[in-house]
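Asker: In the order they appear, the protein sequences are chains G and B. Take 1 as the starting number for the first sequence in the numbering used here and just add one per residue. Take 1 as the starting number for the second sequence in the numbering used here and just add one per residue.
Certain hints may be false.
Given that identical chains are not distinguished, each listed pair holds provided it fits within a single copy or across any two copies.
[What the hints assert, rightly or not] BS3-like, lysine-lysine: derived pairs with alpha carbons at most 25 Å apart:
hint, residue 1, residue 2
1, K197, K229
2, K154, K8
3, K235, K35
4, K230, K144
5, K197, K43
6, K197, K8
7, K87, K17
8, K197, K87
9, K8, K87
10, K147, K87
11, K235, K154
12, K190, K17
13, K144, K235
14, K8, K84
15, K115, K35
16, K35, K229
Treat the hints as calculated values from the structure; they're not laboratory data. Note that the coordinates shown come from a computational prediction; the quantities given were computed from them, not determined experimentally.
2 protein chains.
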Amino acid sequence: MEALVRPKLQEAYEAVKRALECVHFCILIANCEVKYWGRASSKLGRGQRVIMLKQDGSVLVHRPYGYEPVNWQPPGSRLSAELKDGKLVVRAVRLRPWEELVVEVYEVHLLAHCKLRDDARFEMYGSEGDIRDLLANNPELIEKGLKRVEVERKVEGGSIDILFIDERGRLVVVEVKRGTAGAEAVIQLKKYVERLKGELGRDVRGILVAEDLARGVRGLLVREGLEFKKIDLRKLFEVSKEQGASLTHWLTRC
Amino acid sequence: MEALVRPKLQEAYEAVKRALECVHFCILIANCEVKYWGRASSKLGRGQRVIMLKQDGSVLVHRPYGYEPVNWQPPGSRLSAELKDGKLVVRAVRLRPWEELVVEVYEVHLLAHCKLRDDARFEMYGSEGDIRDLLANNPELIEKGLKRVEVERKVEGGSIDILFIDERGRLVVVEVKRGTAGAEAVIQLKKYVERLKGELGRDVRGILVAEDLARGVRGLLVREGLEFKKIDLRKLFEVSKEQGASLTHWLTRC
Numbered sequence: 001m002e003a004l005v006r007p008k009l010q011e012a013y014e015a016v017k018r019a020l021e022c023v024h025f026c027i028l029i030a031n032c033e034v035k036y037w038g039r040a041s042s043k044l045g046r047g048q049r050v051i052m053l054k055q056d057g058s059v060l061v062h063r064p065y066g067y068e069p070v071n072w073q074p075p076g077s078r079l080s081a082e083l084k085d086g087k088l089v090v091r092a093v094r095l096r097p098w099e100e101l102v103v104e105v106y107e108v109h110l111l112a113h114c115k116l117r118d119d120a121r122f123e124m125y126g127s128e129g130d131i132r133d134l135l136a137n138n139p140e141l142i143e144k145g146l147k148r149v150e151v152e153r154k155v156e157g158g159s160i161d162i163l164f165i166d167e168r169g170r171l172v173v174v175e176v177k178r179g180t181a182g183a184e185a186v187i188q189l190k191k192y193v194e195r196l197k198g199e200l201g202r203d204v205r206g207i208l209v210a211e212d213l214a215r216g217v218r219g220l221l222v223r224e225g226l227e228f229k230k231i232d233l234r235k236l237f238e239v240s241k242e243q244g245a246s247l248t249h250w251l252t253r254c
Numbered sequence: 001m002e003a004l005v006r007p008k009l010q011e012a013y014e015a016v017k018r019a020l021e022c023v024h025f026c027i028l029i030a031n032c033e034v035k036y037w038g039r040a041s042s043k044l045g046r047g048q049r050v051i052m053l054k055q056d057g058s059v060l061v062h063r064p065y066g067y068e069p070v071n072w073q074p075p076g077s078r079l080s081a082e083l084k085d086g087k088l089v090v091r092a093v094r095l096r097p098w099e100e101l102v103v104e105v106y107e108v109h110l111l112a113h114c115k116l117r118d119d120a121r122f123e124m125y126g127s128e129g130d131i132r133d134l135l136a137n138n139p140e141l142i143e144k145g146l147k148r149v150e151v152e153r154k155v156e157g158g159s160i161d162i163l164f165i166d167e168r169g170r171l172v173v174v175e176v177k178r179g180t181a182g183a184e185a186v187i188q189l190k191k192y193v194e195r196l197k198g199e200l201g202r203d204v205r206g207i208l209v210a211e212d213l214a215r216g217v218r219g220l221l222v223r224e225g226l227e228f229k230k231i232d233l234r235k236l237f238e239v240s241k242e243q244g245a246s247l248t249h250w251l252t253r254c
């Protein structure tokens with residue numbers, strides 16, 4: 001770990017160059033301006049912020065408030081640094097689609113870089129009931145245009161996790177499974193779809209929603225005329241957290 | 001700025017306490033475990049990460065790769081620190097909805113805290129054409145269930161920015177304005193809606209999409225039977241960036 005408190009810009013520049021050469025994680029607390037060009041462009045005037053240059057080429061600029069970065073570039077960006085017009089200029093360029101993030105540093109309060117190791121698995125726990133409720137409230141995560149009819153609708157032999165109507169007016173039975181869904185889940189879903197068809201005499205779709213499908217189960221699913229939708233629990237719970245967290249979340253949730 | 005390189009846990013604990021008391025921005029590079037309880041729960045085993053405690057109570061935990069935090073808490077969380085079982089335990093609790101993020105620190109590589117000042121305005125630039133194209137490709141940002149019919153459809157006296165069909169099969173004329181929309185935008189939209197009604201003899205909706213409405217214009221809009229949808233350019237361009245940035249983005253975009 002190399003850590004510099006209030007280095008001169010020349011020293012900071014040399015340290016950033018070393019960090020990039022060694023593919024180190026590098027962090028700066030600095031007075032800077034930030035410019036971005038891509039599909040749109042943006043400009044952020046001078047202020048004190050944290051700049052993270054990660055080992056995979058992703059870049060984040062964080063203001064002293066808020067949980068979202070004010071600017072960011074995804075992994076795989078090409079990072080470079082130069083001294084120019086009395087500023088330390090850190091640049092992150094992505095080629096496809098082309099976009100460029102430029103941080104112009106006027107003053108460095110702290111700079112540190114080192115190789116960070118983190119191989120830990122991220123494990124997410126949530127009950128099937130939690131997942132079902134989240135999907136019932138966010139049907140667009142399964143398919144656009146779904147409208148909820150009922151949660152836990154009783155049918156002969158059990159209950160349907162969620163019943164929706166799709167954009168074309170067809171009923172959709174959704175069976176939710178935590179983790180990897182096996183053949184039993186397909187058979188159960190098929191049973192509910194058939195019951196509902198018999199009850200209502202109309203076309204009914206069945207979607208199995210799970211983190212993954214067990215080997216060989218896709219064939220069975222397709223033969224039975226059912227569908228599969230893979231869910232990413234992490235993303236699902238992030239959606240739920242974002243919905244509660246902020247008034248400035250995605251427009252679709254306004 | 002207080003900066004400690006490889007402090008003992010006791011020193012780190014005292015520094016974090018000082019940072020929280022002074023409502024400082026505090027950053028740690030540390031070997032830690034992370035646990036979260038809320039709607040779901042998660043666990044992340046030991047690894048080297050960056051932990052940011054912001055001045056507004058938001059918390060971010062970043063791994064050495066990826067542009068998304070592995071864990072985060074929104075502004076307004078209650079932050080605390082304690083020494084427990086030979087670990088520095090940093091806790092961020094949000095009350096409504098209740099959720100708790102706990103970072104158990106085994107070893108601190110770097111700790112720094114200071115008051116950061118950042119009052120700069122974030123300015124976003126993008127042409128009306130860019131906004132129109134993004135909305136044409138992401139109609140759910142205007143309204144759920146919209147289907148695109150045509151971009152820049154020529155009509156007498158000009159062209160309609162985007163023409164959609166809504167969930168109930170009605171045509172929807174969307175007029176996009178960069179910045180604050182004034183009375184002219186309403187009049188223009190009304191004209192297109194009327195032309196289309198005359199051409200097709202069916203019901204046509206009109207939605208004005210802009211960052212804001214000028215004072216007094218809402219009344220005119222409502223009298224003309226038109227609708228307004230506020231857009232946040234920042235979020236709009238983030239959506240566009242995310243769509244290009246990652247294969248692990250929201251399920252809705254898979």
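Asker: If you test the structure against every hint from before, which numbers come out violated?
Answerer: 2, 5, 6, 8, 10, 11, 12 and 16
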